[in-house]
Structure formats: C-alpha cells, structure tokens
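Visitor: Listed here are the chains, written in short residue letters.
There are 2 protein chains.
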Amino acid sequence: MEVKKYIEQNRDRFVEELFELLRIPSVSAQSAHKGDMVRAAEWLRDALLKSGADKAEVMPTAGNPVVYAEKILEQSYPTVLVYGHYDVMPEDPVDEWLTEPFEPVIKDGRIWGRGADDDKGQLYMHAKAFETLVATGQLRCNVKFMLEGEEEIGSQSLYKWCEDHKELVRADIILVSDTSLIAWDTPSITCGLRGLCYMQVEVTGPDRDLHSGLFGGAVANPANVLAGMISSLIDENGHITIPGFYDDVRELSEAEREALNKAPFDVENYKKLIDIPAVQGEKGYTTMERTGVRPSLDVNGIWGGYIDEGTKTIIPSKASAKISMRLVPHQDYRKIAELFEKHFRSIAPESVRVEVKALHGGQPYVSPTDLPAYHAAEKAMEETFGKKPLPFYSGGSIPIISGFESILGIKSILMGFGLDRDAIHSPNESYGLENFYRGIETITLFYKYFAETGK
Amino acid sequence: MEVKKYIEQNRDRFVEELFELLRIPSVSAQSAHKGDMVRAAEWLRDALLKSGADKAEVMPTAGNPVVYAEKILEQSYPTVLVYGHYDVMPEDPVDEWLTEPFEPVIKDGRIWGRGADDDKGQLYMHAKAFETLVATGQLRCNVKFMLEGEEEIGSQSLYKWCEDHKELVRADIILVSDTSLIAWDTPSITCGLRGLCYMQVEVTGPDRDLHSGLFGGAVANPANVLAGMISSLIDENGHITIPGFYDDVRELSEAEREALNKAPFDVENYKKLIDIPAVQGEKGYTTMERTGVRPSLDVNGIWGGYIDEGTKTIIPSKASAKISMRLVPHQDYRKIAELFEKHFRSIAPESVRVEVKALHGGQPYVSPTDLPAYHAAEKAMEETFGKKPLPFYSGGSIPIISGFESILGIKSILMGFGLDRDAIHSPNESYGLENFYRGIETITLFYKYFAETGK
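Chains P and G, in that order, are what the protein sequence lines are. For the first sequence, our numbering gives the first residue as 757, with consecutive numbering after it. For the second sequence, our numbering gives the first residue as 757, with consecutive numbering after it.
Incorrect hints may have been included.
Just so you know, same-sequence chains aren't split out, so a pair can sit in one copy or run between any two.
[Unchecked claim] Straight line, CA to CA, 30 Å or less: simulated BS3-like cross-link-like pairs of lysine-lysine:
1. Lys761 / Lys827
2. Lys1028 / Lys1098
3. Lys1027 / Lys1098
4. Lys1027 / Lys1113
To be clear, the hints were calculated from the coordinates, so they are not data collected in a lab.
Could you build all of it, start to finish, from the sequences and the hints given here?
Guide: Pasting the structure below:
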C-alpha cells in the first residue's frame, strides 16, 4: 500500500492514540508528577512496540526514565536515531486555559492541550511515520528511538544515559521534531539553537516581614533592591551588563547578517500575533537577529511580599527571581553562570544578603547545511510543502542537542513542524491537525531520501 | 476596692477573655473572612455590655460593622471616646509561625497570636480598664467605644459612619492604643503618624506568556520592565523621584531635628533586632528621622511569571506590584496618588501597557502636646512607668486618626503600649502580659487625671 493512503486510512486512530499520551500530565518540573512520568514512558514503550519496533524498553535513570526502542533491518542501511521528549511544561497559569490542559480536544482543526505540539504531538509523528513505513514495507533505514522525560528541566539524566549507552544509540544522524517552521508557507529547518543558562536569585533583608510604616525608609526593602539589581543587568541600549558576558559571542559578518534577514519577516504581523504595542531589544539588531543570533536575559518569574487580595503594609523579608539567559555560539553556559553569580553578588548593597543558584543550562548549537541528512530533510519538505525550506536560526534552546554532538559525536537534524501560534509553554497550547499529518508524511519521505543518499 | 487590687484579682480572666477574641480570624483583607468580622463585632458588643456599658450595639456599614458602646454618667463629666480596631492582618506567610496564628498561647510571659498586640490586645485593655473603674465605682468620665473592622484595609466604612454619627460620638478626646513605646524603659506618647498612599500597578507585555527562547531579546519582558520602573522611583541618595512628591513636605528646623534625635536610639541594637547587615535610607537623615518625619516608598509585594518549583522558560505576560508610600505633614495622599500614577505612566516604555490603581490612603497626623488629655496621659504613664513619657513621631499610619479630626473635630491621644519586638503584621506576633496589665492600669489612671483636669 502507498504511504499516503496508509496515513489517510489511519488518521483518526493516530490522533486518538496521541490523545491518550496527552492525557498523562507528565510535568517534569513538579515532583508531584513523578508517577505520571513513568506512566508516560511505559505508554510510549507499548506504543512503539505496537508501531513495529523489534524491542522497546523503559530504562531507569536517576531522574525520569528514558524510552529506548529500535528496529534494525540491515547492517548496510543508514541508521536514524529519533530523539523526542515526553515531559511537558507546567500548565500554570491554569485559569487562562479555555479547555482542560490535560483533556485534549479538537476545535477549529487543531488539537488543544498541554504537549499538543511540545513535544508529544511532534514526537508522536515519528512513531506514526515509523509505523507507516513498517506497515507498508517501505522502511529502508535502521531506526532507533530515544525519548526522554527531562527536556523542560535540563535533560540532566539523559546526558548521563548517553555516556553510558554510546554503543546502543550509535547512528548516522539524530532526527528531531521539537522546533517550529518560520511560517506554514515558509517552511524551514532549524540550523541554530541558543544555549540556556537558568539562574535563581534571592535577596534577603530583615529576618521577617516588617511593618512598612514603622520601618519604611530606614531599612533596605529586598523587593526594591532586587528590582534595582535586575534593572541594572540590561542597559538602555539593550546590552547585558555582566562583565565578560559577550567575550565569546561570535559577531556575524555583514554577509551572514544579510542572508539571515532575507527570511520573510513582518514586524506588524509579529506585534499583532502576540498583541504588543512595540518590539524592544538590543540596539543595532533586527528582531530576527535578536532572537536568532544574539544572547538575551529574561526574568522568568519574580516574587516577594504580599501578593494576595487587598493590601498589607509590609517590608518583605525576601524577594526572589528566576532569571535565564539565552546564549549563542560560542558562549559556555557554565562560564556564564559563574559570571552572572559573581556580578550579581557584586552589585548587591551591603544592606541585604544574596543567594544565587544555577538551575540548569545547555550549550548553543549550530547545524551544518551540507550533510546528506540535511539534504534529505530539504527534499522531503520541498515535496510536501511545495517549497524549498530555509535554514533558520531559532531563539529557542534544546540543550541536549549540543550534548549529543559532544558525547555521541552525532549531528542532529531539527525538522520541526510547529508554528508560533501553537503557544508552546503558554496556556492554550495547540497543534494543527494539518501539521501533524503533513509532519508524518514528511518524515516518511525523509527516510526514503536518506536511504538513497545517506550515510 | 482599689483599682490595682481589682486588676490583680481578675488578671487571669482578662487574658482568657482576650483569647476568645484572638481565636476569631477577623482578617479584613480577605473576603473569605466576612463572617468572622461579624462574629468578632458581636463578641465585642457582648464583652462591653458585661464590662459595664449601658448599651452596646453592632452597627452595620457598607463594609464590616462598627461596634458602638457607651456609659454616660453625668453631663458635666468629660467624655472619652475610645477607638480601636478588631480586624487583623493576614497571617501569611503561615509556615513561618511557630504557633497557630489564631490559637493564642502564653509562653515566656507573652501572648502569641495574630492580633495579640495589633489591635485586639491593645483595645481589650480599654474594655478591662473600663470594667475595673465601673466595678470599683471610680469612673468619673463618660465613656464611649467606637471599634471598627477595617483599619488594616483603610477604614473606608468608618469615615462614612463618622459622617453619619457625629452627634452620637461627641466627645472631648479620642483615646487610642494602637501604637508602640520607644522602649519598655523609654515610655512615649505618639504625637505624629505618617500618612499612607497604597497603590497597585500592573505591567502587561504580550497577551500570553511567551517562550523565552523563541521571543527572548526581541520582546519587552514585563517583569524586567517593572523592575526597571520600580528601581527608578528612588535615586541613589534615597530620594523619591516622583516629580512634586516633596512639594508639601515640611522640613524640620535644626532645633526640631535635635530634639527628635535626643530620644535614645542604638543603631547596632536596631540592626540586631531585625537581623540586617546595615541600615539604608535617605541621605542626610538619621534612622529616627527617616521613619518619623520623612516620607518613604516601599514595594509591599511583587509577582509575575513562574514562581513555582523548578524552571519554566517564559516571558511572562504580566508583572505586578503593590507599592505604598508613607507620607508626612503636609502631604495629601490623594495628591500623591495622582502624582504617582502620572509619573508611573510616564516612565513606561512604549513596548508595554500599564495599569495603576489606588488601593487606599490616609493623611498624616500631628498631635499637640499641650492638650489637657495629653497631660493626663503623661501623668498616668509617669506613675506606672516611673518616668515621664517622651513625645514620639512614629513611622506608622492610622489613617482614620486624621479623619477623626477633619470629620468630628476631635483630637486623639495615641497612648499605645506595644513594643517593636511584638512583630505586628509579621509571623509570630506577640504581646507582653506585663504590657497588657500595665496598659490597663495606666488607662484607669488616664481617666482619673482627665476627670480632674479635662474638658
């Protein structure tokens, strides 16, 4: 049977299966979901066996388990290692969801629910593309799956697991769908990912909340102090002020900048998409450059004092923030974490005490566009989208990708099918059915072309 | 029977009664406690009747009820109007309490629990001083009680209630115990209170939380922006930067400053008491001046983005803060609220939207030291403390006090018996038994001396 026909005949079942996976609230950031992580892993093991894997297992780690599966056909075939993650972001703020985050529904041709795109929806395309090729007898590659449950919290266990299983996962290329297209009519393959350095800081003043009347004006307020410290981390030109922060940043040549800015980008549409009055960023760079090739610093969360209904007249004892930085080649997140901590301590006034913790990090990644696998991906997408995909430098991070290169020595192809509108990491995450099905078809074509030209 | 003897014989019962009141969680800031407000008011009505009032009633308002009670003996006697409040601060952060906030206990000679000092403990001294004078046949004043349930949230209903009941509460002086002594061996009468202007601000960027990788660096982050805006409200000399903020502040003369700084103050003890490495405040002023006669600006709470366990890589859609300012004569909180809002809007970058709300406010207050009632308070305290009390300019606010003067035309005597260590508004609020009993005795003496010299 033909691949397209098989997908067509099984389309409803594919989505029903995905819904089972989406219903498992596998939130890696919250320890209460420990059991759900195992449930999701076991569910995927069974699903991969049913899809045609010769073997599939849930392999324990110090954290959440890794699902490994494989189908080895011929020693001479090229081997593709599929990577994906079954953990999802927390659903909060939960009251902004229009549907239940872990009860997926289809509406307006889209799947709504946490993980619909990132990454359950995208990784499940791989399971179903694999099933399709096995069922139609057209698989000409060896396939391995490596699915982890800690991508959203830094992949710590997978680094170790890779060290321990280099032989098991040996492959010619790693194939990943955990990124987005520039637009539905502008297909793209992600060739660059920013690194990440995620910190948490706490500023402590008095040993308890104080009456802001009796003490206000005479005692440093940790919330005011923290605001000032955060504010000073970025100057009026949008530059990060941490000494040494830019030392290892590779400045692009004029030609590279010109090429990068050729991708279609409409700032008015961009503003409308996320409903902002104006863009803002580092002076002298375009929006594409600011997210693609320049580092950034963002407060991801801030809290301190009385945050409930009404008023409470206190000087809070503590104020805290989660602050993360996106890094670009050749910044090293470990060095950046050290520079951040040193600088943050140095700018604290003597009236407070400061704690700084590094929560997680990952290195930036650049993928070359002259690999056989890149060409296979390019051909596959050209066939399904009717347009040659552009190489794209994404602002996001998948820290483990650079880890794969350094530990396993294998390059990755980031062929994702998401769109900005999918609202990953936000309330009301969704994924287009069209994206899901076209993704499956494109992946089958990737295997076809990689079998022809690969290795 | 003698006053001292009566107090001695009934001391345990007095505290047992107070415990009943402390067990009612009358938190005015949280609407879930609506029923507890009424319970507390009814309890006080009954307690005042049992203590000797001719009549006592719970009078409804648009908010929490006012408890009014009176005992009118002779037209020719001076009339004292006792003011206090039965509402308390929220107990949060609840996990920092060493005992249950609403299950009072006695330990180390102190009463522990929310409201032990502020203001249930202090107002109940008045009920028991009144009982003592009635029971021993020594009351020579007419006494009225006016107890409200919204002091911690701005006393809105009491302003209206006073407008409507001017005749009912007519009196020669208002007597209040809702302040602290400089120290147990440095008794004081509070002659100045700062005003309060309490605002809430919200900064909105994108219409939802965004992925901080895909958008970081190109979109204004409301938490970073809010931090910058807050930071800019106070300059490096500790001056508040809102244009016009200091226009109405009366600068003290050198002689006044010298007098104010004569009160004993040990900065090392102060730092130790609240466990801070250093004091911090407006340049050119002492700690006593910074809290007593200079205005201040404090973040009382700040929140935005992901504040839970672990990491979440988002640009939050919104960030908010509660910011309050303490005001000094002759600043007007309504004018300050306007100046704040105008300034806060003006410093917002065009990349965000800003909302500003005034939550509540109150005018500063200064009490003259040449009133007959002041002298009566002075004599009473001198007798129980063995030392003449100092006039004290407190940093705190009791907004309704200046309201009493403008609406009712009656001055207030702020004879409070609290101490800094009582941790009002904080976890582990407490009140010394010694303060409670000496307060009762001092109040009976106030009535005695005011009857002799008053009106």
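Visitor: Now tell me, hint by hint, if it's right for this structure.
Guide: Now the hints, each set against the structure:
1. Taking CA atoms no more than 30 Å apart as the test, Lys761 paired with Lys827 passes inside one copy only; the shortest distance there is 23 Å, against 94 Å between copies.
2. In the homo-oligomer, the alpha carbons of Lys1028 and Lys1098 lie at most 30 Å apart only across protomers (27 Å), although the nearest pairing inside one protomer, at 39 Å, exceeds that limit.
3. Taking identical chains as interchangeable, the C-alpha atoms of Lys1027 and Lys1098 lie at most 30 Å apart only when they sit on different chains, with a minimum of 26 Å there against 36 Å within one chain.
4. Taking the shortest alpha-carbon separations for Lys1027 and Lys1113, only the inter-copy value of 27 Å comes in at or below 30 Å, while the best intra-copy value is 34 Å.
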